[in-house]
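J.: Each chain, letter by letter, is given below.
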Amino acid sequence: GNSVTQMEGPVTLSEEAFLTINCTYTATGYPSLFWYVQYPGEGLQLLLKATKADDKGSNKGFEATYRKETTSFHLEKGSVQVSDSAVYFCALSTNNNDMRFGAGTRLTVKP
Amino acid sequence: DTAVSQTPKYLVTQMGNDKSIKCEQNLGHDTMYWYKQDSKKFLKIMFSYNNKELIINETVPNRFSPKSPDKAHLNLHINSLELGDSAVYFCASRTSGEETQYFGPGTRLLVL
Chain A
1 GNSVTQMEGP VTLSEEAFLT INCTYTATGY PSLFWYVQYP GEGLQLLLKA TKADDKGSNK
61 GFEATYRKET TSFHLEKGSV QVSDSAVYFC ALSTNNNDMR FGAGTRLTVK P
Chain B
1 DTAVSQTPKY LVTQMGNDKS IKCEQNLGHD TMYWYKQDSK KFLKIMFSYN NKELIINETV
61 PNRFSPKSPD KAHLNLHINS LELGDSAVYF CASRTSGEET QYFGPGTRLL VL
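Residue numbers (the working numbering), protein chains in the order written: chain A, 1 to 111; chain B, 1 to 112.
Keep in mind the hints are simulated off the structure, nothing from the lab.
Every value quoted in this text rests on a predicted model; they were computed, and no experiment measured them.
A hint or two may mislead.
Said to hold, decoys possible - Calculated Cβ distances over 12 Å to all of chain B for the following chain A residues: (1) Leu-33; (2) Lys-49; (3) Ser-58; (4) Glu-63; (5) Thr-94.
Claimed, not checked - Beta-carbon label-pair distances, calculated as ranges: (6) A:Glu-16 with B:Thr-59: 23 to 29 Å; (7) B:Ser-96 with A:Thr-26: 39 to 45 Å; (8) B:Met-15 with A:Glu-15: 42 to 48 Å; (9) B:Asn-79 with A:Thr-12: 40 to 46 Å; (10) B:Met-15 with A:Thr-20: 39 to 45 Å; (11) A:Asp-54 with B:Leu-110: 41 to 47 Å; (12) B:Ser-65 with A:Glu-8: 16 to 22 Å; (13) B:Val-12 with A:Thr-28: 39 to 45 Å; (14) B:Lys-9 with A:Ala-53: 28 to 34 Å; (15) A:Thr-28 with B:Ser-20: 32 to 38 Å.
Ideal Cβ positions, reconstructed from N, Cα and C, are used throughout, including at glycine.
Construct the entire structure; sequences and hints are all you get.
T.: As structure tokens, this is what we get:
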């Protein structure tokens, strides 16, 4: 079945550090890939997405590239801020629009 | 002008009680979902409705019963609440042909 595996947290970084959160997927067909972010006490918000191989999604300084050869969609940001502290979820969606989420990675950014 | 709203935001109740959580979306979407998020933040889909019809019904105890009176609403009724039902429940919606789901703020349920 379809599934998403993302790196376990928690991840703690200092402000302005480089961020990578790894995400790999298993799917039949050609899924769309997503990163959602959940700030404390809130629901999930779409951060970025990519719908086909080699597409790059980007938003708020975050980027992720759909790599079909490595079945990956790693999230990166060059310089994190305290306000980026949140839980990040990698997810995939296939033709039947059944979305599967990874376990979530908690990021804490310290000043 | 909240897109996806849930009520109540917090719910504290005793074991064995019956409770309902309501969800409404004003985005004109035709598909709605209920997810359960446990204390470790793991997110699990419970139900999906499309145009008021049940599409996805994951392995969920039959104490949980969703009801969709119209396309804009998907309510979740839980009978005989158990300690293990304590979690955050999220409603989400999307429109056909679009994969992005939009989430509500969550309902934090605590069963004592």
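J.: Hints first: check each against the structure and report whether it holds.
T.: Each hint tested on the structure:
| no. | hint | verdict |
| --- | --- | --- |
| 1 | Leu-33 | 10 Å, violated |
| 2 | Lys-49 | 7 Å, violated |
| 3 | Ser-58 | 15 Å, holds |
| 4 | Glu-63 | 18 Å, holds |
| 5 | Thr-94 | 9 Å, violated |
| 6 | A:Glu-16 with B:Thr-59: 23 to 29 Å | 44 Å, violated |
| 7 | B:Ser-96 with A:Thr-26: 39 to 45 Å | 26 Å, violated |
| 8 | B:Met-15 with A:Glu-15: 42 to 48 Å | 44 Å, holds |
| 9 | B:Asn-79 with A:Thr-12: 40 to 46 Å | 42 Å, holds |
| 10 | B:Met-15 with A:Thr-20: 39 to 45 Å | 43 Å, holds |
| 11 | A:Asp-54 with B:Leu-110: 41 to 47 Å | 45 Å, holds |
| 12 | B:Ser-65 with A:Glu-8: 16 to 22 Å | 34 Å, violated |
| 13 | B:Val-12 with A:Thr-28: 39 to 45 Å | 42 Å, holds |
| 14 | B:Lys-9 with A:Ala-53: 28 to 34 Å | 40 Å, violated |
| 15 | A:Thr-28 with B:Ser-20: 32 to 38 Å | 37 Å, holds |
In summary, the structure is inconsistent with hints 1, 2, 5, 6, 7, 12 and 14 from the numbered list given earlier, while agreeing with the others.
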